[in-house]
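Engineer: Sequence:
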Amino acid sequence: MFTSRKPGPDDAWEGIVEEKSRGMLDGANMYRFVTVRRTDGQSVKVRIERRLWKSIAVGDRLLKKPGSGPVKE
1 MFTSRKPGPD DAWEGIVEEK SRGMLDGANM YRFVTVRRTD GQSVKVRIER RLWKSIAVGD
61 RLLKKPGSGP VKE
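Here the sequence shown stands for residues 1 to 73, numbered as in this note's numbering.
In case anyone wonders, no lab produced these hints; they're calculated from the structure. From a predicted model like this one, the values you see are computed outputs, not experimental measurements. It is possible that some hints are incorrect.
When the alpha-carbon atoms are kept at most 30 Å apart in a straight line, the in silico DSBU-like pairs for lysine-lysine are as follows [what the hints assert, rightly or not]:
id: 1; residue 1: Lys20; residue 2: Lys65
id: 2; residue 1: Lys6; residue 2: Lys45
id: 3; residue 1: Lys6; residue 2: Lys72
id: 4; residue 1: Lys20; residue 2: Lys45
id: 5; residue 1: Lys6; residue 2: Lys54
id: 6; residue 1: Lys54; residue 2: Lys64
id: 7; residue 1: Lys45; residue 2: Lys64
Derived Cβ-Cβ restraints for the label pairs, each shown as a range [as the list claims (entries may be wrong)]:
id: 8; residue 1: Val71; residue 2: Gly27; range: 28 to 34 Å
id: 9; residue 1: Thr39; residue 2: Pro9; range: 31 to 37 Å
id: 10; residue 1: Pro9; residue 2: Arg61; range: 30 to 36 Å
id: 11; residue 1: Asp40; residue 2: Asp60; range: 16 to 22 Å
id: 12; residue 1: Gly27; residue 2: Lys72; range: 26 to 32 Å
Beta carbons: idealized from backbone N, C-alpha and C, even for Gly.
Make a model of the complete structure from these sequences and hints.
Structural biologist: Here it is as structure tokens:
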């Protein structure tokens, strides 16, 4: 099995993008990920949508509020 990296609807965090990556994990769909260093010091790898992935760079700040997806600050 695999671990879903999609942020949950009730998750809330903010942090700085450390790394961007993408891959075809199932052989048919392209998945885009970022590794984020949260304000509490932990790193987390999360799946994000294509539009957001294309608009951010390493060093940008992301914010995830409950009930919405991650957004660039």
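Engineer: All the hints need checking, so say for each whether the structure fits it.
Structural biologist: Here is what the structure says about each hint:
A threshold of 30 Å between alpha carbons decides the hint, and for Lys20 with Lys65 the separation of about 21 Å falls inside it, so the pair holds. Note on Lys6 and Lys45: the hinted pairing holds, with a Cα-Cα distance of about 9 Å set against a maximum of 30 Å. In summary, the hint linking Lys6 to Lys72 is supported, as the alpha carbons are separated by about 16 Å, within the 30 Å threshold. A distance of roughly 9 Å separates the Cα atoms of Lys20 and Lys45; the hinted pair therefore holds under the 30 Å criterion.
Distance hint between Lys6 and Lys54 is fulfilled; the C-alpha atoms sit about 17 Å from each other, no more than 30 Å. For the given pair, Lys54 sits about 17 Å from Lys64 by alpha-carbon distance, which is consistent with the 30 Å threshold. Taking the CA atoms of Lys45 and Lys64, the gap is about 13 Å. The hint holds against a cut of 30 Å. Range check, Val71 to Gly27: about 30 Å between beta-carbon atoms, so the 28 to 34 Å window is met.
For Thr39 and Pro9, the hinted distance range of 31 to 37 Å is not satisfied, since their beta carbons lie about 20 Å from each other. With their beta carbons about 21 Å apart, Pro9 and Arg61 fall outside the hinted range of 30 to 36 Å. Restraint check, Asp40 to Asp60: a C-beta distance of roughly 18 Å satisfies the suggested window 16 to 22 Å. Between Gly27 and Lys72 the CB atoms are about 30 Å apart, so this pair conforms to the stated range of 26 to 32 Å.
Hint violations for this structure: numbers 9, 10, all remaining hints satisfied.
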